[in-house]
Amino acid sequence: MKTKRSIITTLTLCVTLSLTACTGKEPAKTDDTQNTTMVSSTEQSTNDTDAKLNDLYQQENQIFADHEDVWNKAFGMMNKSTADPSGNYADYLAGVVESNKSAFTDDELKTLTDDIETIRGIEKQIAETESKNAASAASDTQDSSNSDTSPFKNFSGKDFDGNTVDGSLFSNNAVTVINFWFNGCKPCVAELSKLNELNDTIQSMGGEVIGINTETFDGNETAIKEASSILESQGAKYRNFSIDSDSDAGKYASDIMAFPTTILVDRNGNIVGDPMLGGIDDQANYDALMKQIQSVIDADSTNK
Amino acid sequence: MDKKTNIRSKKIARIRGWIQAAATLLTNIHIPNLWKGKIYQGNAKTICVPGLNCYSCPAATGSCPIGAFQAVVGSSRFKFSYYVTGFFILLGVILGRFICGFLCPFGWFQDLLHKIPGKKFSTARLKPLRYLKYIILLVFVILLPMLVTNSIGMGDPFFCKYICPQGVLEGAIPLSLGNAAIRSALGKLFSFKCLILIAVVILSIIFYRPFCKWICPLGAIYSLFNKVSLLNIKVEDSKCVGCDQCLKACKMDVDIRKNPDHPECIRCGACIKSCPKNAIHYQFMDKPCKKKNNDQQ
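Going down the list, the protein sequences come from chains A and B.
When we follow the working numbering, the leftmost residue of the first sequence carries the number 2, and every step to the right adds one.
When we follow the working numbering, the leftmost residue of the second sequence carries the number 29, and every step to the right adds one.
Take the hints with a grain of salt, since some may be wrong.
To be verified - Quick list of in silico lysine to aspartate or glutamate cross-link-like pairs, DMTMM-like style, CA-CA up to 25 Å:
{"hint": "1", "chain 1": "B", "residue 1": "66", "chain 2": "A", "residue 2": "219"}
{"hint": "2", "chain 1": "B", "residue 1": "189", "chain 2": "A", "residue 2": "283"}
{"hint": "3", "chain 1": "B", "residue 1": "73", "chain 2": "A", "residue 2": "245"}
{"hint": "4", "chain 1": "B", "residue 1": "216", "chain 2": "A", "residue 2": "275"}
{"hint": "5", "chain 1": "A", "residue 1": "195", "chain 2": "B", "residue 2": "265"}
{"hint": "6", "chain 1": "B", "residue 1": "66", "chain 2": "A", "residue 2": "227"}
{"hint": "7", "chain 1": "B", "residue 1": "64", "chain 2": "A", "residue 2": "227"}
{"hint": "8", "chain 1": "A", "residue 1": "226", "chain 2": "B", "residue 2": "265"}
{"hint": "9", "chain 1": "B", "residue 1": "73", "chain 2": "A", "residue 2": "282"}
{"hint": "10", "chain 1": "B", "residue 1": "73", "chain 2": "A", "residue 2": "249"}
{"hint": "11", "chain 1": "B", "residue 1": "66", "chain 2": "A", "residue 2": "256"}
{"hint": "12", "chain 1": "B", "residue 1": "107", "chain 2": "A", "residue 2": "227"}
{"hint": "13", "chain 1": "B", "residue 1": "216", "chain 2": "A", "residue 2": "282"}
{"hint": "14", "chain 1": "B", "residue 1": "279", "chain 2": "B", "residue 2": "265"}
{"hint": "15", "chain 1": "B", "residue 1": "189", "chain 2": "A", "residue 2": "256"}
{"hint": "16", "chain 1": "B", "residue 1": "64", "chain 2": "A", "residue 2": "256"}
{"hint": "17", "chain 1": "B", "residue 1": "216", "chain 2": "A", "residue 2": "283"}
{"hint": "18", "chain 1": "B", "residue 1": "216", "chain 2": "A", "residue 2": "288"}
{"hint": "19", "chain 1": "B", "residue 1": "73", "chain 2": "A", "residue 2": "222"}
{"hint": "20", "chain 1": "B", "residue 1": "189", "chain 2": "A", "residue 2": "216"}
{"hint": "21", "chain 1": "B", "residue 1": "66", "chain 2": "A", "residue 2": "216"}
{"hint": "22", "chain 1": "B", "residue 1": "107", "chain 2": "A", "residue 2": "222"}
{"hint": "23", "chain 1": "B", "residue 1": "107", "chain 2": "A", "residue 2": "233"}
{"hint": "24", "chain 1": "B", "residue 1": "189", "chain 2": "A", "residue 2": "282"}
{"hint": "25", "chain 1": "B", "residue 1": "64", "chain 2": "A", "residue 2": "282"}
{"hint": "26", "chain 1": "B", "residue 1": "64", "chain 2": "A", "residue 2": "288"}
{"hint": "27", "chain 1": "B", "residue 1": "73", "chain 2": "A", "residue 2": "227"}
{"hint": "28", "chain 1": "B", "residue 1": "66", "chain 2": "A", "residue 2": "233"}
{"hint": "29", "chain 1": "A", "residue 1": "187", "chain 2": "B", "residue 2": "265"}
{"hint": "30", "chain 1": "B", "residue 1": "107", "chain 2": "A", "residue 2": "216"}
{"hint": "31", "chain 1": "B", "residue 1": "66", "chain 2": "A", "residue 2": "247"}
Derived from the structure by calculation, the hints contain no laboratory data.
Given the structure is predicted, the values throughout are model-derived calculations rather than measurements.
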């Protein structure tokens, strides 16, 4: 009687366990399909916005063409080194005209300032469309990483020499490979030299490898010292950062259960694809990561 | 008075299954994590649980002492795991292999498997295999993690990595079901350890507790303390009529009358239950009173 009861208990346990297995997989599947549909819809909207942007740029060019003589004169006075691609273009033009006022006649000046105001309006529209575009792209990547906002949006950290970095860390490169590790993790240490190699390889392609050591959070001096000596012993020269455990990135790192974990972050600080577990000293892992890096770089260059 | 304690010992032995269930639940309290595929990483994880209970079980309350021992021994920062060794000595001196019989989740798992009906085989002829667990303790838990290290002195937890079936059962399987990233990282090592788990499961059905008898390094440690542990079993010679019922009842192949503190005795109480004269009972510090909290459960 008693054995029977225990058999029944074991059986029920087995059944529940197998059921859990099924339910565990189910949501993941639906997520996947949602993602693919999401991607195709955003692709379409990207095409729309691209057309709009093209149109706006055409309008600007038309203005320059209409008053070709005077604009060519103005362009001739521009200095390439002072050009700031991230600044407002209209402001920049106005600045150039302002500083070379004496070279233009009153009529010319009037044409220029009028044109600049029109360009200012167009630039505003361009900025709006671009930010919308970026936002939808961001939400797209966030869906695949299953979080509401990227934990690396407001990134801030310090390298082991005490130099501060912020989100601009990501914007300089098409792809940033973030490797999470800790001092006591043997497989993490085993891949450090390979990560350094990877950093050298992808630097020319517009990528960078950075390390985040979870023991060095909140500027923990002893852990940073130990981490530095481990990095040195493995010949790893890429940058490592100590971050705040309370920051979004810190919370993200604290939730990681298996080390080493490596993720890819694009120019906008969004996580791309799924995190990779395991060291890249394993050739299969290295190849898989390299493929993903290449696809992020490709996506980045087509976006430009 | 004596009669009462003997009956109380019998009661404890009878509710052993429930105590095992309660202990397993208590050491794996974070049940919802099983669905999330996440490991609890709070402060309680700095404490070891008594039984073989994988740290990487999503539900685990604390750390596995064998895993913790290897992690510290294998770390470049420490030469030897003094804290975990102290923990072994403390628990060994208080409870001995009572932990195997009452508190270890993997012991309970094997007990349940053995209840599956079918042909059962005695392990009495396989007694030499018992020494295998001491070799595993020495080689895989102590020597290899300590000596086989990389350039900066870090070793692998060899027992956890290459042998422990509890790690697959509690750690790898639930984690990979709940976590896609871990699922994608499974490789040959996982398949190999699944084979070990399957072998242990099949053996557990036909033999009683094969893992505890032959493999478990934690059982090997606690067995060394059985002779001195405060909790042990007493056979009253005056009451014993030599019927051999206890010898027949013992699934760990121990003759409790000859050697009540045998290293293989997991204090499961099968002999206590079987004794027609109530001549066998648990005692704590030579007093025939059993821990009261267990009694109330």
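Now the hints, each set against the structure:
1. Restraint check: the Cα-Cα separation between residue 66 of chain B and residue 219 of chain A comes to about 24 Å, which is no more than 25 Å; the hinted pair holds.
2. Under the criterion of a C-alpha separation no larger than 25 Å, the hint pairing residue 189 of chain B with residue 283 of chain A is consistent with the structure, at around 17 Å.
3. Restraint check: the Cα-Cα separation between residue 73 of chain B and residue 245 of chain A comes to about 22 Å, which is no more than 25 Å; the hinted pair holds.
4. A C-alpha spacing of about 22 Å is found between residue 216 of chain B and residue 275 of chain A, which places the hinted pair at or below 25 Å, so the restraint holds.
5. For a cut-off of 25 Å, the pair hint linking residue 195 of chain A to residue 265 of chain B is broken: about 69 Å separates their Cα positions.
6. Between the alpha carbons of residue 66 of chain B and residue 227 of chain A the distance comes to roughly 28 Å, so the proposed pair goes past 25 Å and is violated.
7. About 33 Å separates the Cα atoms of residue 64 of chain B and residue 227 of chain A, which puts this hinted pair outside 25 Å; it is violated.
8. Proximity of residue 226 of chain A to residue 265 of chain B is assessed by CA-CA distance (about 65 Å); at most 25 Å being required, the pair is judged violated.
9. Taking the CA atoms of residue 73 of chain B and residue 282 of chain A, the gap is about 30 Å. The hint is violated against a cut of 25 Å.
10. Of the pairs offered as hints, the one joining residue 73 of chain B and residue 249 of chain A holds, with about 23 Å between alpha carbons and a cut-off of 25 Å not exceeded.
11. The straight-line distance between the Cα atoms of residue 66 of chain B and residue 256 of chain A is roughly 8 Å, inside the 25 Å bound, and the hint therefore holds.
12. With a CA separation close to 17 Å, the supplied pair residue 107 of chain B and residue 227 of chain A stays within the 25 Å bound.
13. Between residue 216 of chain B and residue 282 of chain A the CA atoms are separated by roughly 16 Å; this keeps the pair inside 25 Å, and the hint holds.
14. Distance hint between residue 279 of chain B and residue 265 of chain B is fulfilled; the C-alpha atoms sit about 22 Å from each other, no more than 25 Å.
15. With a CA separation close to 23 Å, the supplied pair residue 189 of chain B and residue 256 of chain A stays within the 25 Å bound.
16. With a CA separation close to 12 Å, the supplied pair residue 64 of chain B and residue 256 of chain A stays within the 25 Å bound.
17. The straight-line distance between the Cα atoms of residue 216 of chain B and residue 283 of chain A is roughly 13 Å, inside the 25 Å bound, and the hint therefore holds.
18. For the hint pairing residue 216 of chain B with residue 288 of chain A, the CA-to-CA distance comes to about 18 Å; that is within 25 Å, so the pair holds.
19. The suggested pairing of residue 73 of chain B with residue 222 of chain A holds, with an alpha-carbon distance near 24 Å, which does not exceed 25 Å.
20. Between residue 189 of chain B and residue 216 of chain A the CA atoms are separated by roughly 23 Å; this keeps the pair inside 25 Å, and the hint holds.
21. The hinted pair formed by residue 66 of chain B and residue 216 of chain A meets the criterion: a straight-line CA distance of about 20 Å does not exceed 25 Å.
22. With a C-alpha separation of about 23 Å, the suggested pairing of residue 107 of chain B with residue 222 of chain A holds against the 25 Å cut-off.
23. In summary, the hint linking residue 107 of chain B to residue 233 of chain A is supported, as the alpha carbons are separated by about 22 Å, within the 25 Å threshold.
24. Between residue 189 of chain B and residue 282 of chain A, the direct Cα distance comes to roughly 18 Å. Compliance with the 25 Å bound is thereby established for this hinted pair.
25. For the proposed pair residue 64 of chain B and residue 282 of chain A, the alpha carbon gap of about 29 Å is over 25 Å, so the pair is violated.
26. Distance check on the hinted pair: residue 64 of chain B and residue 288 of chain A sit about 29 Å apart at the alpha-carbon level, beyond 25 Å; violated.
27. A threshold of 25 Å between alpha carbons decides the hint, and for residue 73 of chain B with residue 227 of chain A the separation of about 23 Å falls inside it, so the pair holds.
28. In summary, the hint linking residue 66 of chain B to residue 233 of chain A is not supported, as the alpha carbons are separated by about 33 Å, beyond the 25 Å threshold.
29. Restraint check for residue 187 of chain A and residue 265 of chain B: the C-alpha separation of about 56 Å exceeds 25 Å, so the hint is violated.
30. Restraint check for residue 107 of chain B and residue 216 of chain A: satisfied, since their Cα atoms lie roughly 20 Å apart, inside the 25 Å limit.
31. Note on residue 66 of chain B and residue 247 of chain A: the hinted pairing holds, with a Cα-Cα distance of about 20 Å set against a maximum of 25 Å.
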